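Undergrad: So the chains spell out like this:
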Amino acid sequence: MSPLSRAFRGRRRSDADPARIPPGQYVTDDFPVLSAGPTPHRPLETWSFTIQGSIDEPVSWTWEQLQALPSETITTDIHCVTKWSKLDTVWTGVSLDTLLDDVETSAEYVTAFSDGGYTTNLPLEDATGGKAWIAYAFDGEPLAPEHGGPARLLVPHLYFWKSAKWVRGLELRNEDEPGFWESYGYHNYGDPWREQRYAGD
Amino acid sequence: MIELIEETAEATSIVLDLPDRQRHRAGQHVDVRLTAEDGYEAQRSYSIASAPEDAYLVLTVERLDDGEVSPYLVDTLRPGDELELRGPIGGYFVWEEVLGGPLLLVAGGSGVVPLRAMLRHHQAVGSTIPVRLLYSVKSLDDVIYRDELMGMAADDEIDVRLTLTREQPEGWRGYARRIDQELLADVAWPPSEGPLTYVCGPTSFVEVAANALVGLGHDPGRIRTERFGPTGG
Amino acid sequence: MDALDGNAIAGVLFEVFGAEMTTSAAVCANCGARAPAAELAVYLRAPGTVARCRTCMSVLMVLVTIHERTCVDLRGLDTLEIPASRGPSGWG
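Chains as they are written, first to last, in our numbering: chain A, 13 to 213; chain B, 82 to 314; chain C, 4 to 95.
Please note that the accuracy of each hint is not assured.
As the list claims (entries may be wrong) - Some chain A residues close to chain C (C-beta under 7 Å, calculated; not the full set): (1) Ala48; (2) Tyr196; (3) Gly197.
Note that these hints are calculated values from the structure, not bench results.
Because the structure is a prediction, the values reported are computed rather than measured.
For glycine and all other residues, C-beta sits at the position ideal for the given N, C-alpha and C.
Can you build the whole structure from these sequences, using the hints too?
TA: Structure below.
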């Protein structure tokens, strides 16, 4: 047990509704930039989003084609496994339901993959049903590269490492495969309300 | 903690009297851990500003307005309060007389802190190894340890050069631009003299300085770097 | 985001290896580049800590603290020369 630091509180808000805060989380007003590697700077002309794997033919969208799809604006809380939560964040993007609509697959899992080599895995049913988006705007502004722009996955019901920055596509899989942090001991599913931070939690 | 010393508007030195203090090496850092009543913790690394020979351990902390630990250390911590430390830490970014020289120290902003420990150590052991400090800083008001560095500059062995990147006083005859290859060529000993170089500052500063030195023909193996930047979250 | 360097993980490496590690030479299994651990590109602001090769940016070390236990993954390293000398450590 560490000695207490007199009058230390940290940079946390205390006025948030406790019912909105998962166990072990603290509310912050900032938007900390977390990254396990250098920030890729992908020109929009060479950007594409691809769904591949357990599918007859991979499908791809260029940046322009993605922008032409119906978009949604979502207001949601996000929870980072490093213990900060940020409430009422506003994102704009395309629902994965829209992208997966015409896809015939027997897959039960997806691995999101990103520029820079990052991956994360989740069950397909967590990527569909109005629970996940390809987000390209934050607070009405184009998503900054440091926050995952041009586009990131947004899966706000899971810890935020599942919301892969700089996302470029989904690999549909019949078998689950751990992603980057999942392979280093983080929880395979990552439900903040069940505090699934690490494997075995 | 026994005393706070306001060095500049943004930098404050924290003077610590440690029980069972272990002798550190000039250039090392400590990790500081703060713990709130509910168990919430925050940890940051700070360079040691004092020489091993000094009576107290001194950390110089740059107060970041949106920071979590530095505002506490500068605004809330009071003499008599205790601080949890780990260290001294690091064996790479350290200078001792046996490592020789000539010694070139290149600082960006508060990157001067561990280099000041090396300068104080150099003086404390009466070293005759030639030293040059190149210190890049926004303005004269932002120069940490200003009086002390001016005093050191009167020492035959220690050569202090400032570059004021944003604001210069009237009649300023020193450098007035961000560090670049030409400026380093001007300040550094020629590569043939094999200076031992320590570069400390924000990541972008360190990259520019180290690349420029290598570009001038300095041996990368004689250039030691330490980068600092935001670490919370 | 800007990377820091291996100096920033000297404390945790000491706890894990029981020795000062930043002067040890790390050899990248991907590109073969050899550098002091102090010169690796280190990303601290992430769920765990990631140290990459500054030459090819491959992941060399990942440190994750799981319930008070620090797990170190070194699969990206070819070799790491651990110095024999030991120094002070520990919180106090």
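Undergrad: It remains to establish, for every hint, whether it holds in the given structure.
TA: We went through each hint and held it up to the structure:
Hint on alanine 48 (chain A) holds. Least Cβ distance to chain C is approximately 4 Å, under the 7 Å limit. Taken as an interface hint, tyrosine 196 (chain A) checks out: its beta carbon lies about 5 Å from the nearest beta carbon of chain C, inside 7 Å. The beta carbon of glycine 197 (chain A) comes within 5 Å of a beta carbon in chain C, closer than 7 Å, and the hint placing it at the interface holds.
In summary, this structure violates none of the numbered hints.
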